[in-house]
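Mind docking chain B on chain A? Use the hints.
Listed here are the chains, written in short residue letters.
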Amino acid sequence: MKPAASVLLLTTATGFGFGLLAWLGAYCAVGFLPTHARLFVAAGVGISLALISLGLGASVFHLERKERAWRAFSQWRSSWLSREGIAGVLSYPVAIAFALALWRDEPPLWTRLLGVVLVLVSLGTVYCTAMIYASLKPIRQWHNAHTAADYLIYAVFSGAVLYALLNTVAHGTAGTVASVAAVTSAGIALLAKRAYWRHIDAQAPLATLAAAIGMPGGAEARALDAPHFTENFVLRQMGFSIARRHAKKLRRIALAIGFALPLACSVLAGCALLPLATASLAVLCAGGGLLLERWLFFAEATHVAAVYYGRKI
Amino acid sequence: MTMLPERPAGAKRLGLVIDLDTCVGCHACAVNCKEWNTGGEAAILPDYDKHGPEPDGVWFNRIHSYETNSGGCSRTVNFPRSCLHCEDALCVTVCPTGASYKRVEDGIVLVDTDKCIGCQLCSWACPYGARELDENAGVMRKCTLCIDRIYDEKLPPAEREPACVATCPSRARHFGDLADPDSEVSKLVEARGGVDLLAGLGYRPTNKYLPPRRATIPTPPVQPATASGKGLSAALLGLLDKALSR
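Chains A and B, in that order, are what the protein sequence lines are.
Positions in the first sequence are counted from 1; adding 58 to them yields this note's numbering.
Just so it is clear: in the second sequence, position 186 is 174 by this note's numbering, and no numbers are missing.
Rather than coming from a laboratory, the hints here were simulated on the basis of the structure.
From the three backbone atoms N, C-alpha and C, an ideal C-beta is built for every residue, glycine too.
Among the clues, some could well be false.
A few chain A positions that, by computed beta-carbon distances, are all more than 10 Å from chain B [what the hints assert, rightly or not]: (1) 252; (2) 269; (3) 284; (4) 308; (5) 338; (6) 339.
Simulated coverage check for chain B against chain A, where a stretch passes if three residues somewhere in it have a Cβ under 8 Å from a Cβ of chain A [what the hints assert, rightly or not]: (7) 96 to 106; (8) 114 to 120; (9) 169 to 175; (10) 218 to 229.
For reference, chain A alone in the conformation it holds in the complex (with noise of 0.2 Å):
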């Protein structure tokens, strides 16, 4: 599949963002919020809202027509792309409430539901995105068990290592509890990732070209002639590949950048060593090495209808 870069950029941002709603609205629900933390939290909620708007932005850019965007409201019975924003939507009310309940020093019952509340919206938008992809059932790499627990997984993990961040910024450092949340979720995200990749590693491919021409079972085929000599709509979406060793390579990459120099970064500033500039390494190679995994998720997933030209699925 064609990795499209508003696509990239609205997982990534909006997972950073609704990782660190969650995070928060989590502590707060369980106390573990610093004291007299209106500020921290209300910093936390305004970068959240700005990632998450950069990727509902990116998103937009994603559509062909503008202009009618505000239809993909309507079909939240059968459509995970329309939940998605139904609920991406409704989580700025939520935060800002949220922010505001804490700042005006409400009553803990009340700060706690919110977070709460904070918790099941932005982990639900993630589970909405997550679902757009896991419910196309020509996309053996994205129709699977896999993808909705992938995306909350490296949500949460990309949460945890921002708000070790602004942990550090504010109070000088990241904290042991924060450390520890974004230690582990590194290490939970970085094994997911490559159970995935073991997962479409030794998936057959949905149909043979015989089959999907309605061959009898046993028979082969080949393609002679493509119905067009250039590449169309299909091709150019569907039929994007990448070549095997250089998506090995890639993964390597990512696995390094992505999972294993957070982790490792997290550790040190657990440890009071260099905190500021480890925890901002920890942010940015998070970053870039999601970047780098979600350009894979897409890449590297195969869809059926590319089997009618001789394509590889």
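Coordinates of chain B only, in the frame set by chain A:
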């Protein structure tokens, strides 16, 4: 709404039956489809770089040619590929705007180009690659089963069929109601063992493909020579025997 409709009892399921045995791969169906639909009720079907080195454009019907060993011998199979108007059309349910829909009364899957935002998710959801983006209008386009022909009462009844069916010179394309077991198309599917493409994915396509028949040309068994002996006379007698026993 992009929810799939409940098909009421007795509702039609209009679609095509494509005979891979008789299709000669002439592309006439694709050309007539393009011709009809670029001048039909809907907007123009665009072409890009028409006279340049990379011509491209939107076509609802694409004709592939394959070589297979099905039926015990090597053969060419020509394969027209277009929207199959699936019962479980994922292209419809993923649509966030309601632009993609399946008609209750006849099962035809259509795009309302006034509502489409061009997110292209429906094209990802289609395993048959049947939807193509109109890059000029920024909306998705697809086969309409020539809805502006099949119901047009100004046309003589014999012409109320899709353009691809009307033009096929080898009569490899058939149009009808696949919900009615007594229709000509249903009987054809029954008699020839018509198949669903990629049935395992569960889209339940309406269009059916008839696989090529076994290519066995009957040849009489070789007759052993009845005349015995050697020499010219025996050979002549043998020839005579062969000629007479035809």
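Inset, instruction - Sort out which numbered hints this structure fails and list those numbers smallest first. - result: 2, 3, 9, 10
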